[in-house]
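Visitor: Chain by chain, the residues run as shown.
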Amino acid sequence: MAAAQTDGQGHRRRRFNPDRDVAEWHGKYLPYDLVKEFLVALAVVCVLVAGLAVIFSSPDEKPVTVKSWSASDPVGFAQTAITELDGTSGVATYGPPYNNGGTAQSIGPFSPGQWLGVHHPIDTANDFVIAPLKTLPDRPELAAALATYTAASTTQQTRWTTAYENAVANATFEQGALKLSSGHYGPVGPMISGLTSMARSGALDGALLSTRQFYSTDYTKPLLFIADGSYLANLAQGQHLSGDQWGMMNETGSYPGQAWLWLYTLWYQVPPMKTSPNADLQVWAIMMGLTLLLALLPFIPGLRSIPRWTRIYRLIWRQHYRDSSAAQTSTRGPTAAPPPSPVSSTA
Amino acid sequence: MTDTLPDTTPPDSVAADRPEDADQWTAKLRHAAVEALPPERLMPDRQPAYVASWIYVFGVLTLAALAVVILTGTVLAIFGPSWWHESSTGLFVNSLHLWSVEVFFFAMVVHLWGKFFMAAWRGRRRATWITGVVAFVISVGAAFTGYLSQQNFDSQWISTQAKDGINATGAGAIFNVTNFGQMLMWHIMLLPLVVVLLVGLHVLLVRRRGVVPPFALPPESPAGNEPAGPPPGTPSQEQS
Chain A
1 MAAAQTDGQG
11 HRRRRFNPDR
21 DVAEWHGKYL
31 PYDLVKEFLV
41 ALAVVCVLVA
51 GLAVIFSSPD
61 EKPVTVKSWS
71 ASDPVGFAQT
81 AITELDGTSG
91 VATYGPPYNN
101 GGTAQSIGPF
111 SPGQWLGVHH
121 PIDTANDFVI
131 APLKTLPDRP
141 ELAAALATYT
151 AASTTQQTRW
161 TTAYENAVAN
171 ATFEQGALKL
181 SSGHYGPVGP
191 MISGLTSMAR
201 SGALDGALLS
211 TRQFYSTDYT
221 KPLLFIADGS
231 YLANLAQGQH
241 LSGDQWGMMN
251 ETGSYPGQAW
261 LWLYTLWYQV
271 PPMKTSPNAD
281 LQVWAIMMGL
291 TLLLALLPFI
301 PGLRSIPRWT
311 RIYRLIWRQH
321 YRDSSAAQTS
331 TRGPTAAPPP
341 SPVSSTA
Chain B
348 MTDTLPDTTP
358 PDSVAADRPE
368 DADQWTAKLR
378 HAAVEALPPE
388 RLMPDRQPAY
398 VASWIYVFGV
408 LTLAALAVVI
418 LTGTVLAIFG
428 PSWWHESSTG
438 LFVNSLHLWS
448 VEVFFFAMVV
458 HLWGKFFMAA
468 WRGRRRATWI
478 TGVVAFVISV
488 GAAFTGYLSQ
498 QNFDSQWIST
508 QAKDGINATG
518 AGAIFNVTNF
528 GQMLMWHIML
538 LPLVVVLLVG
548 LHVLLVRRRG
558 VVPPFALPPE
568 SPAGNEPAGP
578 PPGTPSQEQS
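Just so you know, the protein sequences line up as chains A and B, in that order. In this text, residue positions in the first sequence follow this note's numbering: the first is 1, and each later residue adds one. In this text, residue positions in the second sequence follow this note's numbering: the first is 348, and each later residue adds one.
Among the clues, some could well be false.
Straight-line Cα separation of at most 16 Å, EDC-like style, residue types lysine to aspartate or glutamate; simulated pairs [to be verified]:
| # | chain 1 | residue 1 | chain 2 | residue 2 |
| --- | --- | --- | --- | --- |
| 1 | A | K179 | A | D73 |
| 2 | A | K36 | B | D511 |
| 3 | A | K274 | B | D511 |
| 4 | A | K62 | B | E433 |
| 5 | A | K28 | B | D392 |
| 6 | A | K28 | A | D323 |
| 7 | A | K179 | A | E165 |
| 8 | A | K274 | A | D244 |
Source of the hints: derived by calculation from the structure; they are not laboratory data.
Bound-form chain A, shown alone:
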């Protein structure tokens, strides 16, 4: 343990610790043109970046829309839509910050998502299905179906949606319409068929975006709706972007993505995070802890000694040690010389 000492002027002095302190430099100072170095570095980076941009360009895969999804996979769209209506979809059962359909992730009693509650309220049945359908004009049969559904008891609604959900699992799409085996779907059949037609026309994209004002930049609802289906995930799988493929650190095509997220992504590949329902919070807790350790490393005995123990510094400063060794061999005397510049490493 470093013992505190006091010098002649009453200043506190501590025993020298090589992982915390340095001896003041009394060796040589050499000309070093920082401005020239920066400009040369800037020129090198500009040439390198321009070369990479010319050769490789940058990826720009077209985004998925509700229209493109429902056009490519109308049955998958209908299967997702019914889960939004009956409240069994991923978003409907998500919990905060979207709704109270589920509970936020937790580590023991620590559940910040739950504490902060709902901030972007989403009622999937109303926001993704009923409200968009209500915007369609001149559809009396659809208006009647909506009136019937909304007036029915929750038990009756569940009977209809359960029957439809079972049937749509084996549905087909022929001649521009969903084909299901007959069943007691009540108004749910025309509602989901109407929503599928609306999606295929592109009208649902706009309806999910609509807000009280004209302009909108919040794509939360359409994005969450699309992500509830398997279409987006299947495309991502094909682009090696899914979680078990190191997900977000990759980029579409063969481009380098956010490689600096490798450690964050790594934790999702190892137990218990690999299968844990609280994996996201666990990974974030680990990463926050590691980030804190890195930032506070100079204060942590043991960790701050790693550079000295590994001796990689000998490689970095090999020229300095070689010069010092040669000077000591030749003179066997003090090598210190006053710096030719007023610059000093002393603060």
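Using the hints, position chain B against chain A.
Guide: Then chain B, alone, in the frame of chain A:
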């Protein structure tokens, strides 16, 4: 009009030296700034002889790449977020932006590891280390919001995947990764501002404290021994 004589002191004299200005905040601030970073320390033309390794290049490469990132990002901002999807020139500028970010992170990570193996926090350089680490973390956030602002399939997928981590921490209550407008503002305004301020502070701290000296080796020991402290009586830079 007053009948007192005008102050004939040249305006470029040091005001803090004048007794009547001893309490002036402006004079005090200037005095403190010049004392902390005199011109010869702010822009030195000499460096200690040990500053002789390729590893030192990566700090300035990081700064140069950051300059290109900001320049190309500014051009993209001038023409708006849809430009690069519709114009070949815009796509090229976007490519410059992407690759400068890749170079920026590569250089910054090598710089960080280099400074780690130098134990560059020694000698009252802890604040330099901490500002560097925080700048790295904020840069990760800045790049992340850039990926979210691409308006293509990649940004859709990243936002719908990343929301779970952000929401789990509770940050999703205010930081909505599926809100394009919010992410764009964070990407082109808030986070770059923080990164530039932190990098500026980091560079000023490097200039103030200087480049960390090598570990000292015992003069009589054969190569390979552990570093030792300085000889008795040698002044040292200690943590206060």
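Visitor: Does D392 of chain B sit within 16 Å of K28 of chain A, going by the straight-line distance between their CA atoms?
Guide: Holds. K28 of chain A to D392 of chain B sits at ~13 Å (cutoff 16 Å).
Visitor: Regarding the pair K36 of chain A and D511 of chain B, is the alpha-carbon distance no greater than 16 Å?
Guide: Answer violated: K36 of chain A to D511 of chain B is near 46 Å, above 16 Å.
Visitor: Between K179 of chain A and D73 of chain A, does the CA-CA distance stay at or below 16 Å?
Guide: Judged against 16 Å, a Cα distance of about 14 Å means the pair holds.
Visitor: For a C-alpha distance cap of 16 Å, please report whether K28 of chain A and D323 of chain A respect it.
Guide: holds (11 Å)
Visitor: Just to be careful, I want the Cα atoms of K62 of chain A and E433 of chain B compared with a cutoff of 16 Å; is the pair within it?
Guide: holds (12 Å)
Visitor: Holds or violated: are the alpha carbons of K274 of chain A and D244 of chain A at most 16 Å from each other?
Guide: Cα-Cα ~9 Å, so holds.
Visitor: Within 16 Å, alpha carbon to alpha carbon, are K179 of chain A and E165 of chain A?
Guide: holds (13 Å)
Visitor: Does the alpha-carbon distance linking K274 of chain A and D511 of chain B stay inside the 16 Å limit?
Guide: holds (14 Å)
Hint 2 from the earlier list is the only one contradicted by this structure; the remaining hints agree with it.
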